[in-house]
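Colleague: Listed here are the chains, written in short residue letters.
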Amino acid sequence: EDLAFASYTNGASAAFLNRELANFAKQSGHTVKLITMPSSSSEQFAQYRLWLAAGNQDVDVYNTDVVWAPQLAEQFIDLTEAMKDRTAEIFPSIVASQTVNGKLVAMPYMTDAPAFYYRKDLLEKYGKPVPKTWDEMTKTAAEIQAGERKAGAKDMWGFVFQGAAYEGLTCDALEWIASSGGGHIVETDGTISINNEKAAAALDRAHGWVGTISPPGVLAYQEEESRGVWQTGNSVFMRNWPYAYTLGNGGDSAVKGKFDVAPLPAGAEGEAGASTLGGWNMAVPKYSKKQKAAIELVRYLSSDEVQKRRAIELSNMPVLEKLYDDKDIAAALPFMPAWKPIFQNAVPRPSATTKVKYNEVSSRFWTAVHSTLSGNGTGAENLEKLEIELTELQGGSW
Amino acid sequence: MAEIRLHQVRKSFGALEIIKGVDMEIRSGEFMVFVGPSGCGKSTLLRLIAGLEDITSGTLAFDGQTVNALPPAKRGIAMVFQSYALYPHMTVFDNMAFGMKLSGADKAERDRRVRQAAEMLQLTPYLERLPRQLSGGQRQRVAIGRAIVRDPRVFLFDEPLSNLDAALRVATRLEIAKLHRSMHKTTMIYVTHDQVEAMTLADRICVLNAGRVEQVGTPLELYENPNSLFVAGFIGSPKMNILKGGLAQPYAAPTIGIRAEHLAISGEHGAWRGEVVHAEMLGSDSFVYVDIGAEEPVVARQNGTASFQPGERVSLTPDLGAIHRFGEDGRALGRLPARGAA
Amino acid sequence: MAEIRLHQVRKSFGALEIIKGVDMEIRSGEFMVFVGPSGCGKSTLLRLIAGLEDITSGTLAFDGQTVNALPPAKRGIAMVFQSYALYPHMTVFDNMAFGMKLSGADKAERDRRVRQAAEMLQLTPYLERLPRQLSGGQRQRVAIGRAIVRDPRVFLFDEPLSNLDAALRVATRLEIAKLHRSMHKTTMIYVTHDQVEAMTLADRICVLNAGRVEQVGTPLELYENPNSLFVAGFIGSPKMNILKGGLAQPYAAPTIGIRAEHLAISGEHGAWRGEVVHAEMLGSDSFVYVDIGAEEPVVARQNGTASFQPGERVSLTPDLGAIHRFGEDGRALGRLPARGAA
Amino acid sequence: MPVLIKNTGFYALVALIVLVAVFPFYYAILTSFKSGAALFEITYWPTSFSLQNYRDVMSSGSFLRNLGNSVLISTTVVAISLALAVSAAYALARVRFRGRGLLLLTILSVSMFPQIAVLAGLFELIRAFGIFNTPLALIFSYMIFTLPFTVWVLTTFMRDLPVEIEEAAIVDGASPFVVITQVFLPLMWPALVTTGLLAFIAAWNEFLFALTFLSSDTQRTVPVAIALLSGQSQFEIPWGAIMAASVIVTVPLVVLVLIFQRRIISGLTAGGVKG
Amino acid sequence: MESGPTLQAQRARAAWVFLAPTLLVLAIVAGWPLLRTIYFSLTDASLTSLDTARFVGLKNYLSWITLKSGRTVYTGLLADPAWWGAVVNTLRFTFLSVIIETVLGLVVALVLNANFAGRGLVRTAILIPWAIPTVVSAKMWAWMLNDQFGILNDLFLTLHLIDHKIAWTASPDTAMIAVLIVDVWKTTPFMALLILAGLQMVPKDIYEAARIDGVHPVKVFFRITLPLIRPALMVAVIFRMLDAMRIFDLIYVLTPNNAQTKTMSILARENLFEFDKFALGATASTMLFLIIAAMTAAYMVFGRVNLSGGDR
Ligand SMILES: Nc1ncnc2c1ncn2[C@@H]1O[C@H](COP(=O)(O)OP(=O)(O)OP(=O)(O)O)[C@@H](O)[C@H]1O
Ligand SMILES: Nc1ncnc2c1ncn2[C@@H]1O[C@H](COP(=O)(O)OP(=O)(O)OP(=O)(O)O)[C@@H](O)[C@H]1O
Ligand SMILES: [Mg+2]
Ligand SMILES: [Mg+2]
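Chains A, B, C, D and E, in that order, are what the protein sequence lines are. Per my numbering, residue 219 is the first one in the first sequence, and the count goes up by one each step. Per my numbering, residue 643 is the first one in the second sequence, and the count goes up by one each step. Per my numbering, residue 643 is the first one in the third sequence, and the count goes up by one each step. Per my numbering, residue 86 is the first one in the fourth sequence, and the count goes up by one each step. Per my numbering, residue 3 is the first one in the fifth sequence, and the count goes up by one each step.
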């Protein structure tokens with residue numbers, strides 16, 4: 219049968235996917251057409267939404283973000299039965315994130331978590347350790363920034379992150395708050411926990427960065443802008459996803475070989491930092507006329523071998539726990555071990571709890587955070603307002 | 643080759659009535675000339691006949707058949723517009739050939755007819771030019787050419803010669819007359835301000851005044867027997883001299899009119915005495931303006947170059963039989979019975 | 643109030659030379675009329691003087707000062723365009739007032755001048771209309787009005803009366819003459835095809851032919867002593883009769899010309915015999931076309947209504963002293979010495 | 086002397102306008118020759134000259150096909166909407182009938198809904214017609230923004246044409262169709278070219294419909310293809326390739342404009358009428 | 003006195019034939035989607051349950067409940083301050099961008115209308131901003147406006163126009179300015195080209211009359227050119243206005259989610275597709291439609307746009 223697979227791809231993954239799909243075709247006899255989606259996840263989401271709402275039968279498998287499963291649960295078939303032999307080997311937290319009311323909405327096949335990038339050379343030069351807490355980071359960054367600027371690097375900054383008002387800011391801010399003991403915006407039982415002092419303090423602290431150790435423009439930065447500053451050697455620290463690792467070590471990078479990664483700092487000494495969980499999954503829409511073949515495809519693409527190849531070739535993080543101890547992978551991806559502790563501290567966004575309202579929750583949240591960052595009210599004020607908004611949004615239940 | 647009948651035709655633009663109930667019959671093959679003061683509705687009447695405007699009320703019939711609602715293309719007309727209305731993007735040739743092309747005429751025939759018309763209108767050197775590269779008179783000739791290459795039932799000409807020089811005007815006028823004769827006597831309606839054109843071309847002239855027909859008749863009828871003061875004043879150049887009150891009284895009418903050529907000038911005695919105020923010399927004749935105490939100076943014609951100087955006192959003697967008499971209402975009263983010199 | 647001098651003025655459109663070296667002097671306060679066949683370059687010459695077109699070569703001077711590069715606005719001219727060029731979005735009033743408004747004239751004065759001009763041109767009822775709601779003649783009058791409300795050094799008129807009826811034309815012509823007198827003798831240049839206008843208005847007439855000046859002189863000079871066959875044929879309506887070869891020989895010239903009014907018609911004997919081919923009756927006079935074996939029929943004028951019918955054989959007798967003689971090259975040779983009837 | 090100053094001033098203005106208009110594009114060209122970290126460095130003049138980005142774009146999947154799709158779709162859209170609009174404009178501009186103003190407003194009101202708001206409804210229609218994922222889907226849906234625009238602009242311009250010229254044609258026996266095609270259209274070149282170009286570019290650059298109504302890579306149009314150009318990983322934006330692609334897709338438009346702008350000339354109606 | 007329909011009536015009938023194809027196409031392509039959107043704004047539809055949507059009347063626009071305490075609580079779009087913020091942003095953006103673009107468009111069009119060597123190339127160059135896909139040019143500008151490696155900051159610093167790098171798209175104070183800069187850059191060519199076409203249709207002999215009248219070029223422009231190109235200008239402005247009121251992609255790419263630049267379209271999209279509030283999105287779209295219609299109507303009344311123009 220002819221299947222259609224809607225997925226975002228990039229240069230490397232397209233080549234990889236095409237090869238795997240060809241493989242799959244050889245094995246199963248089903249050909250697969252790739253429907254390329256835009257890279258912006260909100261655009262993908264809107265597109266899927268529309269297609270699904272209209273009962274589009276032209277797509278058989280969707281590539282979905284971690285946070286979407288609860289929102290689209292109704293329109294995808296339950297994969298629990300089909301995947302039950304697999305799910306046991308996957309990080310349970312990941313499986314949980316894709317399970318809604320006991321229904322496995324989407325099959326995870328890769329995961330993602332951000333890390334704290336630091337400049338080895340600069341820390342060495344100023345004799346500083348890798349910061350363990352945000353406050354420490356602030357101090358170190360300020361010091362090195364001042365020193366470097368005096369030394370002539372006029373454009374040097376301390377820390378870059380994703381400060382634009384978008385989903386990325388939700389991730390960043392969730393990390394600051396969760397690592398400071400401020401909760402997870404909405405807890406798994408549905409309570410709105412965001413309006414607390416620790417969270418407010420975490421936001422105020424981040425506000426303190428803007429314009430001092432972070433460029434004012436950080437308020438419009440997404441991943442690429444941060445990487446731009448970082449990779450031209452103009453920042454001491456950066457919060458970013460694994461992709462920046464490979465690129466940072468690319469041929470013409472100014473920071474090639476001069477940096478390393480660590481888990482994100484924590485709120486206080488001794489606590490653990492937090493990394494927001496990312497990752498991608500595959501789901502089969504109930505409108506598909508070829509569900510059986512589609513499930514075969516999902517099974518194939520989430521199989522051990524494919525995940526392993528994916529890890530080796532694309533540096534994608536597998537969702538299978540056992541692969542992290544795989545020798546081949548460790549050989550191919552020396553930084554992989556560095557990410558293991560990061561995963562252990564990964565926190566999910568409250569998407570499972572807030573279900574279809576997640577996007578709006580996230581939007582309200584990042585708006586509040588962005589306001590605080592831009593000095594439009596204190597953290598406490600904005601979070602108080604946020605709480606009211608979220609309560610109203612929650613209505614009777616999530 | 644169509645008889646045109648207008649019955650109580652009216653036309654209003656908004657609240658403004660421009661044509662105020664025209665009744666007229668134009669015979670098949672007739673050459674009818676419309677004259678009248680600027681703005682009296684000549685072009686409008688032509689446009690009604692062409693079907694470019696809706697008739698507000700009344701009927702218009704071609705050969706007995708009402709055509710009020712017949713679209714212009716179906717009426718079998720050709721028209722020369724007062725404002726040329728050339729196709730700016732087409733060459734002179736194409737402008738002239740366009741109508742024939744549309745009617746599906748044979749290419750060779752089209753070519754022949756256009757070239758013939760161009761020759762006649764002295765447009766041959768300009769056939770490949772665009773209208774904007776032509777002089778005013780040349781444009782006007784193209785507009786004429788465009789109409790005459792076609793073979794319509796009715797020709798409508800709206801001041802077609804106004805921008806031509808005298809020689810060309812005479813030549814074109816003759817060509818139009820020839821055309822009229824040759825084209826199996828196509829019906830022609832012609833608007834003009836030129837007395838000579840009106841007098842020489844027309845089978846009949848229709849004098850319009852403020853949307854109404856004043857008089858219809860052959861040129862000489864109108865010239866010699868205008869049935870109103872208006873027609874008398876309008877036909878003939880220079881204008882007929884109009885005298886009122888005391889000056890008219892001796893001729894038993896409230897108002898009399900006498901043409902310039904019917905006034906003899908002499909140094910000594912005559913019916914009226916006055917002072918020469920101005921003399922216009924045209925070469926062939928002269929017009930002498932004499933102030934005899936009427937509202938306006940009286941004009942008298944003299945053959946050749948005038949021998950009178952402004953300021954000179956002269957006498958004027960009217961040809962009695964040529965005196966037109968008008969009533970209070972401006973209607974003609976009939977000539978004086980006797981003829982002779984005073 | 644400006645003396646205009648053209649020295650070897652030439653104008654080409656692309657490769658086409660339209661004005662071929664014109665030398666002319668127009669005196670300050672003079673009323674100069676340009677006449678010439680359609681397309682000979684009259685409008686172009688006017689536009690050169692106005693500064694609307696660049697002079698290709700030669701110099702144009704106003705009061706001794708070269709103005710080749712002076713923009714039109716600075717030349718102090720007013721112009722009536724052959725194509726009117728009214729501002730389509732302005733009412734008649736605004737069209738006329740626009741120029742004055744910009745020159746900062748006082749509102750009351752402006753109003754007065756516009757109303758005065760409108761009155762004179764019989765435009766008062768139309769002051770609030772837009773150009774497209776006017777008849778052809780009304781538009782033309784607006785164009786005239788626009789020029790005359792201003793107070794320029796030089797007036798340029800390009801066939802300003804061509805769309806007016808005879809009465810209005812005479813009236814307007816007189817107004818223009820009056821204007822000329824009243825305006826401290828503003829220099830006026832006037833293009834026309836109307837013989838009467840040319841003869842009556844002009845201080846001097848300039849006859850143009852294919853971009854060259856043929857002759858400049860007072861109207862009667864041109865009428866009575868044309869210095870070329872071209873001028874002879876062009877001035878006067880109907881055209882001067884031109885006779886060649888055997889018919890001209892007796893008068894000792896290759897070509898002779900004789901005007902219609904200098905030919906006497908009689909039933910019996912005369913210099914030339916021929917057959918009447920056509921008679922045009924204008925009311926005041928008649929023109930009788932007689933075929934005497936020349937290339938074209940000869941025209942003779944007869945006062946009043948003609949008594950000759952086509953087909954009738956008649957004799958023509960020229961006024962000997964009025965015979966114009968021309969050489970092979972078309973130049974005038976001078977009149978016959980003696981005067982008398984043949 | 087003042088003429089010189091005036092001319093200098095004029096050309097300075099021209100230069101300024103061109104500079105502002107073209108600079109970003111120039112910068113895009115510069116960027117398209119760069120790769121890697123050089124992308125983040127500011128340069129005003131070309132420093133490197135690598136065609137790698139262009140090669141990448143051209144070889145990536147179906148870019149050439151996408152270009153072809155765009156040409157096909159935009160051309161068809163412009164042809165259809167001009168054809169429809171010209172005839173509608175004739176009626177709206179040249180014939181007086183009741184409800185003309187209301188009709189114009191109704192046509193305009195189609196352009197008053199945000200594009201995203203009609204997305205769902207249009208999608209349903211397209212699926213109902215069975216033209217999802219075909220060029221027809223776009224040709225059809227682009228009418229929603231090209232038609233009101235072309236109708237309005239052409240109506241405005243057609244109104245300005247002298248009435249006498251139309252009447253002359255009518256008397257010459259021209260049907261309305263002939264009047265439109267043989268008399269009006271040649272006189273409206275500036276308006277036609279302008280609306281045509283603007284509509285073409287609008288169709289050429291449309292993104293949202295193209296993304297939603299087409300699902301296979303080979304059917305897609307260039308804006309989507311560019312947006313789908315991807316770096317090596319999710320967050321990396323392939324600047325060099327995007328700029329190269331933009332340059333490539335802008336070139337046909339530039340050529341188109343160069344060809345057609347000659348038609349934007351004045352004085353087309355000169356000499357036609359007096360008054 | 004039998005006679006068929008008047009010539010005018012015949013023309014009118016022919017007119018409908020000429021209009022029919024356009025009206026038909028528009029009815030099909032726009033009728034259903036527009037009516038659907040308006041319908042959904044009166045229901046509780048969500049994208050997951052389009053077909054089972056229930057009619058709720060005007061609740062999405064405005065509804066209120068009186069609490070036991072006697073306090074009245076308003077809900078619905080019209081009671082949402084975010085909506086009114088978007089309205090204000092949109093109107094501000096529209097007002098500024100349309101005015102600036104009209105003025106600049108006029109200047110550019112006048113320049114392009116002049117005869118000079120290389121005019122064709124310049125005309126083409128002018129159109130480039132409009133020719134680059136918005137998706138691309140918005141990103142390009144985001145890149146150029148970047149505070150760290152954006153070329154504009156560098157350029158302005160070099161020229162000493164600013165003394166420190168400005169985060170154009172990030173700072174609440176400059177976000178709107180950044181959007182305006184890009185929009186003006188991008189759409190001025192649109193205005194310029196339409197106005198240019200209008201300029202080219204003005205009869206030339208009128209200018210000659212004006213030259214004779216000694217009208218100063220500036221006055222010629224305001225008193226003759228402008229009135230004559232007014233219809234073309236009005237149409238250009240109307241369409242610019244409609245586009246500006248509906249602005250979406252530029253802001254979506256350049257300053258997404260920035261409260262200062264959130265417009266009605268952005269808000270509508272958010273509700274339609276991102277949040278699970280399809281009905282509210284439809285409501286916002288309908289409101290946007292109504293606001294645009296009102297603005298257009300006001301503009302036509304005050305601008306004295308003549309819909310039934312022409313004299314036939
Ligand atoms: N733009 C142009 N390109 C080429 N030839 C032109 C152009 N304008 C005028 N001509 C030609 O120049 C000649 C003179 O034109 P002009 O308008 O001066 O004639 P005119 O004497 O005013 O004639 P008319 O009495 O018919 O108005 C004509 O033969 C005309 O065809
Ligand atoms: N569209 C219109 N709206 C209002 N009045 C009009 C319109 N068209 C013409 N008129 C008026 O109708 C009258 C008759 O116009 P028409 O064009 O028939 O005159 P005309 O006899 O041809 O005059 P001319 O000899 O000056 O060409 C004029 O007074 C004119 O102002
Ligand atoms: Mg008329
Ligand atoms: Mg002329």
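No wet-lab data here; the hints were simulated from the structure. Be aware that one or more of the hints could be misleading.
[Claimed, not checked] Some chain B residues near chain D, calculated using beta-carbon distances under 10 Å:
id	residue
1	P713
2	Q775
3	L776
4	N805
5	R854
6	V855
7	K881
Virtual Cβ for every residue (Gly too), placed ideally from N, Cα, C.
Colleague: None of the hints should be skipped; say for each whether it holds.
Modeller: Hint-by-hint comparison with the structure:
1. Interface restraint check: P713(B) against chain D, minimum CB-CB distance 8 Å, threshold 10 Å, status holds.
2. At a threshold of 10 Å, the smallest CB-CB gap from Q775(B) to chain D is about 7 Å, leaving the interface hint in force.
3. With a least beta-carbon distance of about 7 Å to chain D, the hint placing L776(B) at the interface is held under the 10 Å criterion.
4. Interface restraint check for N805(B): the shortest CB-CB distance to chain D comes to about 9 Å, inside 10 Å, so the restraint holds.
5. About 25 Å separates the beta-carbon of R854(B) from the nearest beta-carbon of chain D, more than 10 Å, and the hint is not met.
6. Hint status for V855(B): violated, given a least beta-carbon distance of 24 Å to chain D, over 10 Å.
7. Because the beta carbon of K881(B) sits about 27 Å from the nearest beta carbon in chain D, more than 10 Å, this interface hint is broken.
Of the numbered hints listed earlier, those contradicted by the structure are 5, 6 and 7.
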